[in-house]
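**Student:** Mind docking chain R on chain D? Use the hints.
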Amino acid sequence: MDSAEKNLIELSAKGDVVAFETLIKAHQKKVYNIALRMTKDPEDAQELSQDALVRAFTAIKKFRGESSFSTWLYRITINVCTDFLRKRNRAVIVSLEKGAAGNENSNPVQIPVKDPGPDELAEKKQLKEMVKQAMDKLSVEHRQVLILRDLMDLTYKDIARTLNVNEGTIKSRINRARDALKHIIVEQEELFKDYVVKLNRKGGIS
Amino acid sequence: MTRCDKYLENLSAYLDGELSVDNVKEIEEHSSECESCSEELSVLKTIISALHELEEELPDGFETSLHRRLEEAAAKPGVKIRTGKVRLFAQIAAGFVVVVCLGLAIRAGLMGTGRKTASPAADMSSAQSVIEDRGLGAASGTASTKRAIPEISGRSDGAAYDDRSEMEYYALEDSAENQEVVPADAMEIQKAQVNNDVMIAFSEAEGSYALKQEGQDTLVKITADDAQIALEKIIEIESEINQEEQYSNAAGLNETLNAVDAGIVSGDRIEVKLLYSDDETWNEFLTEVQANFSEVLIEFAPKAEDVEYIRVEIIKQ
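Chains D and R, in that order, are what the protein sequence lines are. So the first sequence is numbered by our numbering: it starts at 1211 and just counts up by one. So the second sequence is numbered by our numbering: it starts at 122 and just counts up by one.
Some hints could be false.
Claimed, not checked - Keeping only pairs whose Cα atoms sit at most 20 Å apart, straight-line, the calculated EDC-like set for lysine to aspartate or glutamate is:
1. D:Lys1250 to D:Glu1351
2. D:Lys1335 to R:Glu178
3. D:Lys1235 to R:Glu184
4. D:Lys1367 to R:Asp137
Stated by the list, open to error - Far from chain D by the CB rule (all over 10 Å, computed), these chain R residues:
5. Thr123
6. Glu130
7. Val142
8. Glu149
9. Glu429
10. Gln438
To be verified - Pair by pair, the computed Cβ-Cβ distance ranges are:
11. R:Asp427 to D:Leu1331: 44 to 54 Å
12. D:Asp1363 to R:Glu335: 34 to 44 Å
13. D:Leu1331 to R:Lys146: 35 to 45 Å
14. D:Thr1379 to R:Glu434: 19 to 29 Å
15. D:Pro1252 to R:Ser141: 32 to 42 Å
Honestly, the hints are just simulated from the structure, not real lab data. In this text, a Cβ means the ideal position worked out from N, Cα and C, and glycines have one as well.
Only chain D is shown next, with the shape it has when bound in the complex (with noise of 0.2 Å):
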């Protein structure tokens, strides 16, 4: 931890608001994204990030160090939102006991019905559609370790640390999460692999 974080952190254990602002600046779009993908709707991602962030505000006179203060936000994070998941999965459940139809999983991932043109743009853009909308049938579960890897970024052991499982099970988590997501996208989408072969040709998607 730099002097500078450090000092802004003690400020804001102190209830300085605007030290606390500019301690999170680099990390509140993290926090968004967290949010957004763990719960797939940019409103409640904007409310729970909202939610995980005045939470650290309040209990940053805990923070004793003990791992990086980005890695201590996303914690938080993750678990306000899987806190929240948990909640409305329950009411969903509830839904359909009732008989009404529909669970967030039973929809098959929506690919754009725009044919592939040759433009290499809206391929990428396609893409990253399927992708998104491969990630959002994940488990929760799996979601989590590939939201803080793939997204966040995070070492294994960081995510180990966040999640507060070994690093082995990380290790094997996120291979597991890998192959679902690849399964969601290739079962529903010959396409993909036909993009996949493409792009092999021309050497890369970046």
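**Tutor:** Same frame as chain D, but now just chain R:
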């Protein structure tokens, strides 16, 4: 396990740079020879790079509304002073309870009805007085030490304050000099303890009701009509008190709840474990559990893993 199986198992870790040099070499050699594995690698690479691009911009007005909420949080009374003040009150009240406990312990000893249980692993420096009640004493066969949690340790909104609003509570704390108010409440608490037929042990060394012992897991046995509802209550308590988020107990609890929901784990007996690095939160959790469930039994047992856990067992009645 075939080479491909091993390859596929390590593929993600390879792409994430989390493999040892030897394993990396092995993987690279294999993928140069095996077409299906190298295709798998390309697919995964493509997905991961797309995942990296999923990040979206903050919605308009995010910072403005966040600012408002932070200002509200900063202005909220009691946020900063809570812990210290509660502790002061708890200590005063605890003093009264220990006097009563000692008195009862002596009486129980004289009458020859008390069955004291000594904890083999108990810290010798913490003088303990253990009172056992008739009802619970008979069931103490396996327990190393049993303790009841006083409803006063560490929390402003614990059961002891149910009938008092937070503002009144702080008013009381603000006049901590006013010694008349505090003893009156302490008397009520000790009365409650005695009437509830519970066991009390007080650690003088720690100056509080230590519910954590070095090298011991704290076992919490809850009997409830519906184990699943009880688990939900535990989750609620956990998320309420675990503000510092040192460990993600919530993830484990939710996993268990999902497993119960899905019928993977029986709802007749649910076991969960919790981890808190600071004693304050540890005690807070146990205090809250005591306040929220009518049938709770607290015991200690030698730790099963390398760190001490609170192990909660919920049994359906």
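**Student:** Evaluate each hint against the coordinates.
**Tutor:** Here's how the hints hold up against the structure:
1. Using a Cα cut-off of 20 Å, the hinted pair D:Lys1250 and D:Glu1351 holds, with the two alpha carbons roughly 15 Å apart.
2. For a cut-off of 20 Å, the pair hint linking D:Lys1335 to R:Glu178 stands: about 16 Å separates their Cα positions.
3. Proximity of D:Lys1235 to R:Glu184 is assessed by CA-CA distance (about 10 Å); at most 20 Å being required, the pair is judged to hold.
4. Our distance criterion of 20 Å between C-alpha atoms is met by D:Lys1367 and R:Asp137, whose separation comes to about 12 Å.
5. R:Thr123, annotated as away from the interface, keeps every beta carbon of chain D farther than 10 Å; the closest lies near 16 Å.
6. Not every CB of chain D lies more than 10 Å from the CB of R:Glu130, the least distance being 6 Å, so the non-interface label is violated.
7. Distance to chain D confirms R:Val142 as a non-interface residue, since its nearest Cβ pair spans about 16 Å, more than 10 Å.
8. Distance to chain D confirms R:Glu149 as a non-interface residue, since its nearest Cβ pair spans about 17 Å, more than 10 Å.
9. Taking the minimum C-beta to C-beta distance to chain D, about 15 Å, the non-interface status of R:Glu429 holds against the 10 Å cut.
10. No beta-carbon of chain D is positioned within 10 Å of the beta-carbon of R:Gln438; the least distance is around 22 Å.
11. Between R:Asp427 and D:Leu1331 the CB atoms are about 52 Å apart, so this pair conforms to the stated range of 44 to 54 Å.
12. Distance hint check for D:Asp1363 and R:Glu335: the Cβ-Cβ separation is about 38 Å, which falls inside the suggested range of 34 to 44 Å.
13. The hinted window of 35 to 45 Å between D:Leu1331 and R:Lys146 holds, with their beta carbons roughly 37 Å apart.
14. In this structure the supplied range 19 to 29 Å holds for D:Thr1379 paired with R:Glu434, their Cβ-Cβ distance being about 23 Å.
15. In this structure the supplied range 32 to 42 Å holds for D:Pro1252 paired with R:Ser141, their Cβ-Cβ distance being about 41 Å.
Violated hints amount to a single one, hint 6; each of the other numbered hints is respected by the structure.
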